[in-house]
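A.B. asks: Let chain U serve as the given structure and place chain C on it in line with the hints.
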Amino acid sequence: MNYFFPKGLRWAGLAAGTALLLNACAPGQDTPTPVVGLNVSSYLAVGDTYTAGVSNGGLTRTSQEYSYPNLLARQFQSASAGGSFVQPLFDGAEGSNRAVFRGFTPEGFLQTQRVPGTAVRRTVLLANACTTTPDTLRLLKRSATAGTLPQNLGVPGLLLSQVDAVGLGNEASVGIRAFNPYFERLLPASDSRTYFQALSTAAQSATFFSYFLGMDEFMPYVRSGGTCGAVPSSRQMKLTAKRILDVLTANKRPGIIVKLPAITTIPLLRQGKGTDVEARLQAYYKDNAPLYIETPFVPGTSQRITERDYILATALPRLGKPTPVVVGGTTLMLPYGRDSRNPIVNADVLDDTSEIVYITAAINDYNNAVFVNSTTVLGLSGLAKAYGLPIIDPAQNSYLLDAGFLFNNVANSISVGGVVYSAEPVRGNFFSTDFYSLTPRGNGLLANAFISAINRAYRSNIPSLDVNDLPTTTE
Amino acid sequence: MRARLLFLLPLFSGLTAAATGFDTGPQGARVLGLGGASTAYIGSIAGLSTNPGLLPQWGDSLTRLSFGGFGQIRRASFVGQDTYLRTNQDLTVQPGGYLYATRAVSKRVSVGLALNTPYGYHTKWPNAWEGRSVIQESQLSTFFAQPTVGFKLNDNFSLGVGFVYAYGKYTQRRALGQYDDPAAQANLSSSGSGYGVNAGLYGRTGDNLAFGISYRSGVKLKMNNGAYTTAGVPGRDASLLAGASDFKTQINLPSTLSVGIADRVTKKLLLTFDFALSGWSTLDSLTLDVAASGPVPAQRLRTARRYEDALAFRVGTEYQVNSKLVLLAGLHYDETPVRDEFVNPEFVDANRVGASAGLSYQLSQRLAVEAAYAFDYGQLRTARADQTRFLVSNVSGTYRTLSHTASLGVSAAF
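From first to last, the protein sequence lines are chains U and C.
Just so you know, we're using our numbering here: the first sequence kicks off at 177 and counts up by one.
Just so you know, we're using our numbering here: the second sequence kicks off at 169 and counts up by one.
Next up, chain U with everything else stripped away, as it sits in the complex:
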């Protein structure tokens, strides 16, 4: 406005304004007092990849510090109710192997770059039951907490079917029995304790727990496109969950049980939703060629992809690229997936009828099975009810956190403080480059979901994190 008025008027305005400065305190508003309605002084986190804080396909000191249990513990502390929270941290900037963001292909697919782990102490090649390429097992430097067990008992890749495996964390098991290098680094050398035993020991001193196990159970099957092994048995998963929760809820110990998200909300599948990919490739190639997959149960035939078939995100960059196919005795170069004679192979896709429906049914059963009669094996919802923790809202077991709700919202995009989060890795800021694990901000949103569940269930007033303050990547 300044140029509209002669100088004298501006001075008059400024003089009036200056007089105001003396009088212009910001209006007061009381901030709510944090209240923690339960004892969170010793928090025990039980879980797998998500709980450990994996990001970009690996675990580093930084990613551990942004694990949701650690963010949660920080909020407990800020509400001056939390004690210390001990994690099995790597030293300095050390970590395991991971794949970091490099760029996007011209078609818009994510490209990553491998970063070798600095905490790897030994590499072993192991035969893989399903493919000819061997798996590389990398043993990691032992955690400084190995003497006592940490409070974050998240073990990447932990299967519920392995919680009773003897020697799961003993180097002597390598190549002989089930072995998990991330569990191994939590234990002293040559310790043959099972995960269940370790958890039972750690639970004795805990005042509060979180349980988020089960996702990793499905991932080997999902990653193989349904070609390796079978869909995990939800009955076995439920039985194991009950044994673990019996220990965790002993003496009415309060806690939060996390239901699993739908498998199709994970970007490994969500990014490859059949019809979405088809439309994206049609837009890129400026044609209307459909996508084809191998027909389930009928070898050698193909069918058009549907919106309920999911291509693995890791296979997406290969779509449309010419590959040799033998047709009627001659070898033709046909675009992969975009010709009915060169359909997307079973290992690159989870089709609806023979795979997705079974995984979804297993997850639903594990999440939701409630008491019907005495022979019912309870799922997480049923167990949560059975433990008789406080129920605030009968429609919603408040001490039960439905991670599916958050993951599903993210899959459809959400806006938090003006920033949009979506299931697209990197750009979506929720999932990291491995199409599965979370970014620090994704962990922050998950921690906030815990906080709102705790606030509801335990009449607490714990402040949430400003997730937009967290970094977008652990690198």
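Simulated from the structure, these hints should not be mistaken for lab results.
Where is the CB? At the ideal position from N, CA and C, for every residue including glycine.
Hints may be right or wrong, so weigh each one.
Computed spacing ranges between beta-carbons, pair by pair [as the list claims (entries may be wrong)]:
hint, chain 1, residue 1, chain 2, residue 2, range
1, U, Ala269, C, Lys390, 29 to 39 Å
2, C, Ala406, U, Asn464, 57 to 67 Å
3, U, Gly505, C, Pro402, 43 to 53 Å
4, U, Ser260, C, Leu559, 40 to 50 Å
5, C, Ser407, U, Leu415, 21 to 31 Å
6, C, Leu559, U, Glu241, 24 to 34 Å
7, U, Ala269, C, Gly462, 57 to 67 Å
8, U, Arg635, C, Thr550, 18 to 28 Å
9, U, Asn427, C, Arg468, 35 to 45 Å
10, C, Arg470, U, Leu302, 41 to 51 Å
11, C, Ala460, U, Leu302, 52 to 62 Å
12, U, Ser530, C, Arg470, 41 to 51 Å
13, C, Ala406, U, Ala426, 53 to 63 Å
C.D. replies: What follows is chain C alone, placed relative to chain U:
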């Protein structure tokens, strides 16, 4: 006499909304002191812009001039719904000014000119606050020029018509919080102009009672020269966010319908009452038509505002202490045009109650200085952002708003 005008009350009692929004308040030191109840007030020629029908009332042999400046501080505090973090808006002074002149050209006809700054705001949040990706800073400034002509119908009635030219400038800045770089930002800047009319009627129904009715049309500020720039966008997203593109937008300023009465209770004491209805509902959204730039296609960015029409109620009093000194005081209640569902940190507004005080001191027969101060206290507002409506950029929490306005001016007659 007074009872006769009570018929006006039911006319407005059914309306639930009011006149604040981003108007900067009464446009003159003396009318500011009076709380803005100036539709039927002839004590200051600042009334010219409120009610052109007042103009012939200054149709004697004198040329009148009134000018001054004012400053307005609107300041809000915010407490995040879930984070419990409190943020205070940075202190900003929205400057304004006014200049009025009137002169009779014949016994019945007078002309006048009003220049003022009736709408504007300056919102500035700390750069790192919780809602930084919604808004960091936003400013709108307007300037109105209104040449006016007035006709005296008879001794008791007069009317006036003015043509309004308006100019406005709008800038906005927000963080691109999807990136780690705290300097990643999007900036908007544009300016434009629009036109309107202002017409009013003034009448006296006796020696002591006067009334005024006026209507100023809405003004559409057409801004075609907008510049939309971003900074700190990583190369991987160059195809999503352009470094610089042009945009067009339009900001609709509301119409106002004012009705007022002035009652000379005693020789020294004057009371005035005003109702003003502002047609804020024309401000439906902020729509930016962004032109294509490089690989980024043209797009329309729309932020819903959905303002509703709004009513203000004002009472003012003027007391002649002696031949030189006039004291002024006023009270007002302004309802907000901002609906609960659209409470947004770019422009925080609330139903407000306010009080004002002022004085006019006659330095000589021809010259007076005028000063006034007004204080507004806003109701607590709660914004609830629905995360799943991801196209709506907002932050959940509560706001409390205060505003201070001070004005200093001179009026002369010669």
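A.B. asks: Cβ-Cβ distance between U/Ser260 and C/Leu559: within 40 to 50 Å?
C.D. replies: Given range 40 to 50 Å: holds, Cβ gap about 42 Å.
A.B. asks: May I ask you to test the hint 18 to 28 Å on the CB atoms belonging to U/Arg635 and C/Thr550?
C.D. replies: For C/Thr550 against U/Arg635, whose Cβ atoms are near 21 Å apart, the range 18 to 28 Å holds.
A.B. asks: Is it true that the C-beta distance of U/Ala269 to C/Lys390 lies inside 29 to 39 Å, as the hint says?
C.D. replies: With a Cβ separation near 56 Å, U/Ala269 and C/Lys390 fall outside 29 to 39 Å, so the hint is violated.
A.B. asks: Within 57 to 67 Å or not, the Cβ separation of U/Ala269 and C/Gly462?
C.D. replies: Violated, at about 38 Å.
A.B. asks: Is 41 to 51 Å a correct range for the gap between the Cβ atoms of C/Arg470 and U/Leu302?
C.D. replies: violated (56 Å)
A.B. asks: Between C/Ser407 and U/Leu415, does the C-beta distance stay in 21 to 31 Å?
C.D. replies: At 51 Å between Cβs, range violated.
A.B. asks: So does C/Leu559 sit 24 to 34 Å from U/Glu241, Cβ to Cβ?
C.D. replies: Since the Cβ atoms of C/Leu559 and U/Glu241 sit about 33 Å apart, the hinted range of 24 to 34 Å holds.
A.B. asks: Does the Cβ pair C/Ala406, U/Ala426 satisfy 53 to 63 Å?
C.D. replies: Holds - the Cβ-Cβ distance for C/Ala406 and U/Ala426, about 56 Å, lies within 53 to 63 Å.
A.B. asks: For the hint 41 to 51 Å, verify it against the beta carbon of U/Ser530 and that of C/Arg470.
C.D. replies: holds (44 Å)
A.B. asks: Between C/Ala406 and U/Asn464, is the Cβ distance one that fits in 57 to 67 Å?
C.D. replies: violated (29 Å)
A.B. asks: Given a hint of 43 to 53 Å, does the C-beta separation of U/Gly505 and C/Pro402 actually sit inside it?
C.D. replies: With a Cβ separation near 51 Å, U/Gly505 and C/Pro402 satisfy 43 to 53 Å, so the hint holds.
A.B. asks: Using the C-beta atoms of U/Asn427 and C/Arg468, is the stated range 35 to 45 Å upheld?
C.D. replies: violated (60 Å)
Hints 1, 2, 5, 7, 9, 10 from the list above are not met by this structure, while the remaining hints are.
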